[in-house]
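> Here is how the chains run, residue by residue.
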Amino acid sequence: MKMNNIFVYCELTEEGKVADVSLELLSKGRKLAEQLGVKLEAILLGKDIKEAVNQLSYFNIYKIHCADDDRLFPYRTLPHAKLVQSVFENEKPEIALFGASSVGRDLAPRIASALRCGLTADCTSLEIGDYEDKKAGKTYKNLLYQIRPAFGGNIIATIINPETRPQMATVREGVMKLDPLTSLNQPQIQEIDLSLLTSVEEVVRIIDRHIDPPKVNLKGAQIIVSGGYGMGNKENFGLLRTLAAVLGGEVGATRAAVDAGFCDQERQIGQTGVTVRPKLYIACGISGSIQHRAGMDQSAKIISINNDANAPINAIADYTIIGDVVQIVPKIIQYYKQHSK
Amino acid sequence: MSFKIIVLAKQVPDTRNVGKDAMKEDGTVNRGALAAIFNPDDLNALEMALEARARIPDAELSIITMGPPRAASIIRESMYRGANNGYLLTDSRFAGSDTLATSYVLAKAIETCQPSLIFCGVQAIDGDTAQVGPQIAEKLHFPQITYAEKLESVDTKKIRIRRRLERGVEMVETSLPALITVHSSAKPCRSRHAKLLMKYKHARTATELQEEKRDYTELFKKRPDLLIQEWNADAIQTDMACLGLNGSPTKVKKIDSIVLTQKESKVFSNADTDIEQLVMDLLESRVIG
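In the order they appear, the protein sequences are chains A and B.
One rule links them: number in this note's numbering = place in the first sequence (from 1) + 3.
One rule links them: number in this note's numbering = place in the second sequence (from 1) + 1191.
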C-alpha cells in the first residue's frame, strides 16, 4: 500500500516570517519523508505571505498549500482550523506536525478532534518504527513513534497511532534541529479554496493585541547559567544574572524556579520551555528532572552545582561541585575575574 | 432558562512534588505515593468562572469532573469556593481514555447541561497536553479562547477575554456559547468561604453515602442540594466504541523508566582551591573566556 505524504503546518511570526519551530519541523519532516520514501508538504496561511513562501525553498518541499487573506492573520482558531481540516480531508496525510506553540497547541487538538485522530503533545523525539499488536495479531509497519516524558517526567512514553491518520504530533521550538538544505527547490504552490470560510469562522474577533519584540535568545546563547528551585529565593537567583553577565551568557531557569517566581517564564528551559544546546551549561541548584534534562542534555559541557551529591543532574554533568550554590557562585566569579585576563 | 456556566476540573496526582518514594524499584510509578490535588490551572478557571457568574444575574455555576469516585472531593472543594453544584463522571468504562476519548465523554456530559460558557484550565499537570479543552470545543461546535489570562467583560450574549501569548497579549471577543481555557497567569482562585464550607461539608455522591456510617437520609430530604450527581456512561448516552481504550486512537507502545547514562564526571568540593582549579580548567579548554 502506498503511503501518503508528511505535512507540516507552518505558523507565521508577528514579522511575517515562518516561525523557527516550523522550519525545525520541516527539517525533521524532510528526514522522516526520506526514511519513508514519501514527500514533504507544507501548509501556510496568512496575509502577504510571499516572503514567507520564499523561505520554504530550502527544505525539499514538494508542495505548499497556502492561502493569503486578511482573515488569516493574526492567527485565529476557526478560520485556520477550517482550512487545515479541508486540506487534510483531501490529502489524507500520513503524518502531520505542528509547533507546540500557543498557535499549534490551540489548532492541532481542534483538528485532531474533528478528524478523530490521535495527537501527542510536546514530543521530545520522533522516530519511525514497527508495532506488533499481539492481541489482535496485527503488525503495523513504519509508524511514527511519538516520544515524550509523561507523568510528571518520571517515565518516558512512546505513543503510536496504529489505525488513525494523520499521525499528529506537536513539538516545542528548539527540540528539532534547524537543518535547511544548501540547494534550492521550487515547491508547487496549491491555493486553498477560500470560499470555505463563512461567517461561522468569524465569531471570534481580535479587538487589540500587543506583541513585544523577542527579548531573550536562549537558543543562540553559547553559555547559559541556569537556576532551579534549589536557589531558594529570588535574591539568590540574582547571583546567576551576575555570573551570566560576567561570562557573557544568558540566564535560564527550571519550571520549578519559574513557578516559584524566581525568573520569567520566557527563560524556562525544558520540555515545556526552550531546548538549548550551548557550549557550556551551568546548572545551579537544579536536581535535574527528565523534563528539564530534555531541554539541555545536548549541551557540550555541563557543570552542576548542587548540595545533593545524588541529584540526577550530576549524572549527566561533566563537572560537579558539591556544596552551597550561594557560596560557590561568587567564588567562580572571583576566580574567573582573577584568571581570565 | 437560567444562564449556565460549567467549569471542567480534574483531580491530578501532584507530579510537581514528586518525592523519592514516587518510583517503585521496578521503575514504575507508585501512584499511591502522590497526593491527589485540584489541578492548578483548573483553580484559575474556577476563579474566572466565579467572576463571570457575579456579572450575570441568575447565572448558575456547575463543576464537571471525570475520575474515580474519590474525585468527588474536587466538586466539594469547588462548592466551598462558590460553585452551585457538580457532576462526577465516573465509570470503569472510561478508564484508559486518551484526550480524544476524554473530550468525547466530557462533551456528552456538557450537552445535557446546555451551558452558555465553559471554563477549564489550559492543561493538567499530569499530562501537560492542553488538548482536552480545544477538543471539547470542537465536539460542541463552540468557538474556543485558549490561554485566557483575564476576564475583561461578559454578558449573556458575548465575552471579552485577554489572552496570554508567548510574546504578548491579545484581546478577543466572541459571541456565546464559547469555551475558555484559562492560563496559570490568570488570577489565583479565592480561598474557601467559611459559610460555604459549613453549608456544603456534607455534600456527598450516592456512592459516598453508601459508605457513610452515619445516616444522611433525613438531612438529604431537607437538603437535596447536598447530593452530588454521579453520571456513568449510560446516563450521558455515550457510544461505547468512543470510550476508554476503544475510543482512544493513541496507544502507549512502551514505557521506559528513566535510565541515566553516567558521564565521566569530575567531582569538585566547595573548597576554594577546587573551584579555582575548575575555573582554570574551563579557561584553559576555552569553554569560557
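Just so you know, these hints were derived from the structure itself, not from any lab.
Hints should not be assumed to be uniformly reliable.
To be verified - Simulated coverage check for chain B against chain A, where a stretch passes if three residues somewhere in it have a Cβ under 8 Å from a Cβ of chain A:
| no. | region |
| --- | --- |
| 1 | 1253 to 1260 |
| 2 | 1282 to 1292 |
| 3 | 1356 to 1365 |
| 4 | 1379 to 1392 |
| 5 | 1435 to 1447 |
Said to hold, decoys possible - Derived pair list, reagent style DSSO-like, types lysine-lysine, alpha-carbon separation capped at 27 Å:
| no. | chain 1 | residue 1 | chain 2 | residue 2 |
| --- | --- | --- | --- | --- |
| 6 | B | Lys1442 | A | Lys137 |
| 7 | B | Lys1442 | A | Lys144 |
| 8 | A | Lys137 | B | Lys1445 |
| 9 | A | Lys34 | B | Lys1444 |
| 10 | B | Lys1378 | A | Lys218 |
| 11 | A | Lys95 | B | Lys1442 |
| 12 | A | Lys340 | B | Lys1442 |
| 13 | A | Lys95 | B | Lys1457 |
Even for Gly, the Cβ is constructed at its ideal location relative to N, Cα and C.
> All hints, please: hold or fail.
Each hint tested on the structure:
Counting residues of the region 1253 to 1260 of chain B whose CB falls under 8 Å from any CB of chain A gives 0; the rule of at least 3 is not met. Counting residues of the region 1282 to 1292 of chain B whose CB lies closer than 8 Å to any CB of chain A gives 3, which reaches the minimum of 3, so the coverage claim holds. Restraint check on the region 1356 to 1365 of chain B versus chain A: 10 residues with Cβ-Cβ distances below 8 Å, three needed, restraint holds. For the region 1379 to 1392 of chain B, the proposed coverage by chain A is not satisfied: 0 residues have a C-beta within less than 8 Å of a C-beta in that chain, short of the threshold of three.
With 9 residues having a beta carbon nearer than 8 Å to a beta carbon of chain A, the region 1435 to 1447 of chain B meets the requirement of three or more and the stated coverage holds. For the proposed pair lysine 1442/B and lysine 137/A, the alpha carbon gap of about 13 Å is at most 27 Å, so the pair holds. In summary, the hint linking lysine 1442/B to lysine 144/A is supported, as the alpha carbons are separated by about 15 Å, within the 27 Å threshold. Restraint check: the Cα-Cα separation between lysine 137/A and lysine 1445/B comes to about 14 Å, which is no more than 27 Å; the hinted pair holds.
At most 27 Å may separate the alpha-carbon atoms for a hinted pair to count; lysine 34/A and lysine 1444/B meet this at roughly 22 Å. Our distance criterion of 27 Å between C-alpha atoms is met by lysine 1378/B and lysine 218/A, whose separation comes to about 25 Å. Distance check on the hinted pair: lysine 95/A and lysine 1442/B sit about 21 Å apart at the alpha-carbon level, within 27 Å; holds. A C-alpha spacing of about 54 Å is found between lysine 340/A and lysine 1442/B, which places the hinted pair above 27 Å, so the restraint is violated.
Between lysine 95/A and lysine 1457/B, the direct Cα distance comes to roughly 52 Å. Violation of the 27 Å bound is thereby established for this hinted pair.
Hint compliance for this structure: hints 1, 4, 12, 13 are broken, all remaining hints hold.
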